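Asker: Spelled out, the chains give:
Protein chains: 2
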Amino acid sequence: MEMKAYLSELGRAVDSYLARCLHDSNVPPMLLEAMEYSLLAGGKRLRPALCLVWAEMFGARRDDILPAAAALECVHTYSLIHDDLPAMDNDDLRRGKPSSHKQFGEALAILAGDGLLTEAFGLLLSTKAPAEQVLQAGQRLALAAGVSGMVGGQTLDMQWTGQGQITLDDVSRMQDLKTGAMLQASCECGVILAGGTKADVQRASNYGIHIGRAFQIADDILDVTGDAKTMGKPAGSDEDKGKITYPSLIGVGPSREQAERFRDLAVQALEGLAGPQADFLRELAAYVVTRAS
Amino acid sequence: MEMKAYLSELGRAVDSYLARCLHDSNVPPMLLEAMEYSLLAGGKRLRPALCLVWAEMFGARRDDILPAAAALECVHTYSLIHDDLPAMDNDDLRRGKPSSHKQFGEALAILAGDGLLTEAFGLLLSTKAPAEQVLQAGQRLALAAGVSGMVGGQTLDMQWTGQGQITLDDVSRMQDLKTGAMLQASCECGVILAGGTKADVQRASNYGIHIGRAFQIADDILDVTGDAKTMGKPAGSDEDKGKITYPSLIGVGPSREQAERFRDLAVQALEGLAGPQADFLRELAAYVVTRAS
Chain A
13 MEMKAYLSEL GRAVDSYLAR CLHDSNVPPM LLEAMEYSLL AGGKRLRPAL
63 CLVWAEMFGA RRDDILPAAA ALECVHTYSL IHDDLPAMDN DDLRRGKPSS
113 HKQFGEALAI LAGDGLLTEA FGLLLSTKAP AEQVLQAGQR LALAAGVSGM
163 VGGQTLDMQW TGQGQITLDD VSRMQDLKTG AMLQASCECG VILAGGTKAD
213 VQRASNYGIH IGRAFQIADD ILDVTGDAKT MGKPAGSDED KGKITYPSLI
263 GVGPSREQAE RFRDLAVQAL EGLAGPQADF LRELAAYVVT RAS
Chain B
13 MEMKAYLSEL GRAVDSYLAR CLHDSNVPPM LLEAMEYSLL AGGKRLRPAL
63 CLVWAEMFGA RRDDILPAAA ALECVHTYSL IHDDLPAMDN DDLRRGKPSS
113 HKQFGEALAI LAGDGLLTEA FGLLLSTKAP AEQVLQAGQR LALAAGVSGM
163 VGGQTLDMQW TGQGQITLDD VSRMQDLKTG AMLQASCECG VILAGGTKAD
213 VQRASNYGIH IGRAFQIADD ILDVTGDAKT MGKPAGSDED KGKITYPSLI
263 GVGPSREQAE RFRDLAVQAL EGLAGPQADF LRELAAYVVT RAS
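Those sequence lines, one after another, are chains A and B. The numbering of the first sequence is my numbering, which starts it at 13 and goes up by one. The numbering of the second sequence is my numbering, which starts it at 13 and goes up by one.
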């Protein structure tokens, strides 16, 4: 199957699961509406797709892994809602729609984010796999999403925005925490839940961290060169906010070379793996560097 | 041992664990400082104590359960930080000190809360107990802290504040979600992690929900009658904010009777249980109704 068709198929499976996974008679309707507004707003579903593909490569059934895949998207969505808040990046638009606090007010946006993060763990822990594996995946998610991962990265991003003495190494470390850790954990959780060996988990880890770097640099290049309509957000917003990125430090051309280098390292991590899942992961690595939105 | 001495001993064990559990070389120092500012600000450590005592009653070793107990306190602390935010309850003081956003700014307060919630799951999932039991405790925590529990309760509280047509049943339901669910889960997690039977978990559940109700009503009475200095926050703040509570709906005297009724139901759930832990839980139920802060 071609990569984009496979990605769409996975996206549909994830979307259909996401559309029902938060429904419970005890959830206040307004809160459910706010969570689903952001969760079901589209998006590439990259994290769930990575988790599912790595899991399928090691023999797991898609339906068994969907709760974990959905959990990864819930964590990603919560992080977008909180990052958009006025006290953080103060973004009014997300995926072409008003951001959560613009639509529902700040209080509900904070609560929707808190809710999605909490439900993520509930979902992941309900994954159909041996308890030891589910536990290990849950620990992996907590580490990647937490203060030594995504939350830590967002803190550094806030702290460093507008500062003058940030190096390329600093930016790389910050992006590894903010974006890379969750992409890496998405790959690892797939293998862990499928019962792969430690060596398999390490492969997934190597692939994930490098595709994460390629992805983030490509994202920062797009912010400079991209088309607002295709992206669903204004171009040049990083520069307006004083964000330090690869392109702001070394320019677009050298940044693209770095993204391609990380893409190659991601592909290297797949050495010796064959079949439709490995093909997908190779094509995906190329795609994240060349995509237009 | 007398109840208060037992509670202090548990509090010291929890405090000493909390003071080291977030340290990791990858955590940005400012974020760690903000999390520990709120986490180590004292407090009764009621949730960890409930978890530890129920676990010890069913034969677990305290040291094995401390990560889970700490997790419960992390969730509680995160909820206080986010509830205090300007968009939510807009409280400048917490436990006699500036609230997190007053001390560190809103962005870091949001991130400290997000971090504590995420680390809570990491901690709980590292508890030394059979994987199946840890998994079940993790699911229990997610349910109690999430949108059918604490986050849902806070949403209703925000929605209903200043509204006229809220009944006593509404208030009771909201408080069960906002406060009761986590106290209940604290008791249940102790029994689950100790390997108790389903009937034992049900006892803990009954005790927890009723002590939660007694606790919350007593808290609302204190807000009306209490001394600002003893409480570390201004008295009468619920009324100023238009919060609907037991005392605001039925007055202080009848509210106290309700609190005592729930205390009696909590004690009933302990029927047939003997030993220092059961004695502690009985005395604790009496204490939450009569305490001054």
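Calculated from the structure, these hints are not laboratory results. Careful: at least some of the hints might be erroneous.
Identical copies carry no separate label here, and so any pair may be met within one copy or between two of them.
[To be verified] DSBU-like mimics (lysine-lysine), calculated; alpha carbons at most 35 Å apart, straight line:
| no. | residue 1 | residue 2 |
| --- | --- | --- |
| 1 | K109 | K253 |
| 2 | K210 | K16 |
| 3 | K210 | K253 |
| 4 | K255 | K56 |
| 5 | K210 | K255 |
| 6 | K114 | K253 |
| 7 | K255 | K140 |
| 8 | K56 | K140 |
| 9 | K140 | K114 |
| 10 | K140 | K253 |
| 11 | K109 | K210 |
| 12 | K210 | K114 |
| 13 | K255 | K109 |
It should be emphasised that the depicted structure is a prediction, and the values quoted were computed from it without experimental measurement.
Asker: All the hints need checking, so say for each whether the structure fits it.
Answerer: Comparing the hints with the structure gives:
Both within a single protomer and between protomers do K109 and K253 lie at most 35 Å apart by alpha-carbon distance, with minima of 20 Å and 33 Å respectively. Taking identical chains as interchangeable, the C-alpha atoms of K210 and K16 lie at most 35 Å apart only when both belong to the same chain, with a minimum of 29 Å there against 48 Å between chains. Taking the closest pair of Cα atoms, K210 and K253 never come within 35 Å of each other, the shortest separation being 41 Å inside a single copy and 54 Å across copies. Only within a single protomer do K255 and K56 lie at most 35 Å apart by alpha-carbon distance; the minimum there is 24 Å, versus 42 Å between protomers.
Proximity of K210 and K255 under a CA criterion of 35 Å is satisfied in neither setting, with 37 Å inside one chain copy and 53 Å between copies. With identical chains, the CA atoms of K114 and K253 are at most 35 Å apart both within one copy (19 Å) and between copies (24 Å). Taking the shortest alpha-carbon separations for K255 and K140, neither the intra-copy value of 41 Å nor the inter-copy value of 42 Å comes in at or below 35 Å. Proximity of K56 to K140 under the C-alpha cut-off of 35 Å is restricted to the intra-copy arrangement: shortest distance 24 Å within a copy versus 38 Å between copies.
Taking CA atoms no more than 35 Å apart as the test, K140 paired with K114 passes in neither setting, with 37 Å inside one copy and 44 Å between copies. In this assembly of identical chains, K140 and K253 lie within 35 Å of each other by CA distance neither inside one copy nor across copies; the values are 43 Å within and 45 Å between. With identical chains, the CA atoms of K109 and K210 are never at most 35 Å apart, being 42 Å at best within one copy and 47 Å at best between copies. Proximity of K210 and K114 under a CA criterion of 35 Å is satisfied in neither setting, with 45 Å inside one chain copy and 45 Å between copies.
Taking identical chains as interchangeable, the C-alpha atoms of K255 and K109 lie at most 35 Å apart whether they share a chain (22 Å) or sit on different chains (33 Å).
The structure fails hints 3, 5, 7, 9, 10, 11 and 12 (numbered hints given earlier, in ascending order).
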